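K.L.:
On the provided structure of chain A, position chains B and C as indicated by the hints.
Residues per chain are reported as follows:
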Amino acid sequence: MDLEQLRKTAAEVVAKDDVKYLIGWKKGTYGYRVSPVFIENEADTEDLIFSPLCTANLVTYLTLVEKPPLPRGQKPDTRKVALMVKGCDSRAVAQILVEKGIEREQIIVIGCPCPGVIDVNLLVAKYPEVAENTELKWSGEDFVLIRGGEEIPVKREEVLAEKCRLCRYPNPVVSDIMIGEPVKPWQTEEDTGVSELEGKNVAERWEYWEEQFARCIRCYSCRNVCPLCYCEDCILDRLNPTWINRAVNFSENTAFHIARAFHLAGRCVECGECERVCPVKIPLGRLNRKLAREVRDNYGFEPGLDPDGKPFQASYKPDDPEDFIL
Amino acid sequence: MSAMLLNKDKWPEFVGKLSGKVWVPKVEEGEAIRFGPLSGEESKLPEYCNTRVPPKEIVFPETETLYCFQADEHEMTAPEIDERKIIIGIRPCDARAMKIVEKLFRWDVDDPYYLKHRELVTLVGLACNAPGLNCFCTSVGGGPASTEGLDIIMFDLEDRYLLETITEKGEALLKEVEGLLEEAGQDVLAQKEKLIEAAENKISRSVDTEGIAEGLPGLWEDPLWKRVSASCLGCGTCTYLCPTCHCFDIQDETEGFEARRYRTWDSCMFEEYTRHASGHNPRPTRRERTRNRINHKYSYYVDKFDLIACVGCGRCINYCPVNIDIVEILRQVKEAL
Amino acid sequence: MSEDFEPNIVAFLCNWCSYAGADLAGTSRIHYPANIKVIRVMCSGRVNPLYVMNALQQGADGVLVSGCHPGDCHYMEGNYYARRRLGIFKDLLEFVGVDPRRFHMSWVSASEGHKWKEVVEKTVEDVRAAGPFEGFRRRQIDW
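Residue numbers (my numbering), protein chains in the order written: chain A, 1 to 326; chain B, 1 to 337; chain C, 1 to 143.
Chain A with its partners taken away, still in its complex shape:
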């Protein structure tokens, strides 16, 4: 991608009077980190980057905005928000539009066709992180790591994130401005994580998830990072009724993860953020992708493609499968 073009476009967008800020990515403070950035004036657009390290899904910030009570007489800020999206992120935008969580006129979507991002854990395992900020770029099919003036070629299959191996929509499905040329969708791999578990029997699966869920510390980063977890009053924060107790034990953790996965059934756009941020490495994506697979195979539905469509769980077809009914 042409960064010059990105920065120029961003500067034009930010210069408009009716734009509050632009959400993009900038270099992080060390190593391979990239940090989301909120840009309010033209000069700061120089910080913007778009690279295989830009894993964070910025759509989260659209619904994460807090609305504290305003002082008397002050009007709410109704200016637009611009944001950069990759293919998977744009599906989250579409899904939120379907759910009428945001209004289309309130956002400016800058689409960035994405040839695939990396899994930072895989990259670190292969090329240990150093203190100085390191760049990674796309180069043909593969990546190239720029560190201390040296260019190290990195094979795509070695470090590509799992969600990207399964990605079918590398090009944004919703956008106002598109930066660069669309990329050609690649051959997706089989979702072995889900298939492997499907092949086990229920007792083995229970054992597997027991081990995973027991580890959860309930920091709720999976919930907070998810662009589609935006209920104003989340059941996890509610005390009356208490659906899920705050106690951290296997029972409550399992209930939490079942509830979280289920609330995303037919909504999850498989951006993989929940899995990426989990501090105790629970493979949460498998739960979501399993449900996405069921929804796709049995109901012929895929979320986040048509902004004018209907939500999966708030619609039905008379001939939905009912082989499970007694």
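Derived from the structure by calculation, the hints contain no laboratory data.
Keep in mind that this is a model prediction, so the values were computed, not measured.
Be aware that one or more of the hints could be misleading.
[Said to hold, decoys possible] Only pairs whose alpha carbons sit at most 16 Å apart, straight line, appear in this in silico EDC-like list of lysine to aspartate or glutamate: (1) A:K200 to C:E94; (2) A:K20 to A:E40; (3) A:K281 to B:E31.
P.N.:
Just chains B and C now, kept in the frame of chain A:
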């Protein structure tokens, strides 16, 4: 204080002879995620820089029953805390954190649960030979071989460990395994000094804490808070993984006629942390919450106990999903002073 | 599995069809297993999957949800939503490792006293075969 050597081949024998439950870092999903009880299969300590979840959870469990009660009776029963635990491989920063947090749990009213846990654990630390990328313990009063809070400190000398006792508890522990140890000579102690120096030199990040505690109150409305908290997601990763964060919430749980009151970790980064019953929230946005996190560690705690409530373990930097970096925040604070 | 295990099953029945169907079974003196604890809801579409989860967490060994036949919903389409929602929920439970025999759904109309008996018998039989569900109980640990 004694300095003894333990050959690494004797490790299984060593941990087997100790009286008490031995906790060591456990590898899950290819990484040392947290401490857990020894299963008996380990022949050595795993390779790790530090565990993701700090060992604070051993003395300050994420969920702890305070007491149980029944609807038709007037009695409450508190759980008994009586298990002796020996934590082997705790890093000096985490042990130091326990010492810092203990001040709080002893202040005002003694917290019987925390102090009981604390009394029952013996901390056998492992000095860092290779500190992590985001370690900055030397800036906040610690170091790769700091002995604060520890009962014994171990040094990894490739094929053997050097064990130095710090407290009487540590002495007593080494008595139990006397047969396996040999006296360390002067050459080993010199080697240790070299290791410490090398480790200190490897720490690349630093914070200049001078004037921060006094200066923070003056930056209450500074625009920097808005800037550094803009990308915060409001999750609890930084606080839950912090070895010195100690906030908790008290909740009740009932089933039928039985109930219990328990406490769980809480995080100042959560929206409902300060929400009042009326619905009013004195920290309505993530700006105020981030400000509180930094202020609590670097200002309030210093005021109260003359200690910085941060040990520089770098976990909040390593695991923040959006690269909010406390070293960078402090640099900006310093700049704004 | 012990022979004398009596499963504890929570049944959510819609007010207009299944509850009336169960009522009919009762007034017609049809015998069916007493393991079912009925909770009446206005529509099967009102059954939040969290109800099912909470029932399992609080000691139920199995859960049954029953509503009107498709097309017969008192509220026109409530049971269609229930079918979609709970169908997916069943898939999720199964994927997490909950025995699929523990959660059932059925359509029983107000005139189907006999069908109600069959549904209950089948459910009880299934849950009995699956055994007591201890793994997920809330009050298992550290109290």
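K.L.:
Hint by hint, say whether it matches the structure.
P.N.:
How the hints compare with the structure:
1. Restraint check for K200 (chain A) and E94 (chain C): the C-alpha separation of about 11 Å stays at or below 16 Å, so the hint holds.
2. Taking the CA atoms of K20 (chain A) and E40 (chain A), the gap is about 7 Å. The hint holds against a cut of 16 Å.
3. As the CA atoms of K281 (chain A) and E31 (chain B) are separated by approximately 9 Å, the hinted pair is consistent with the 16 Å bound.
Violation of the numbered hints given earlier is absent; every hint is satisfied by the structure.
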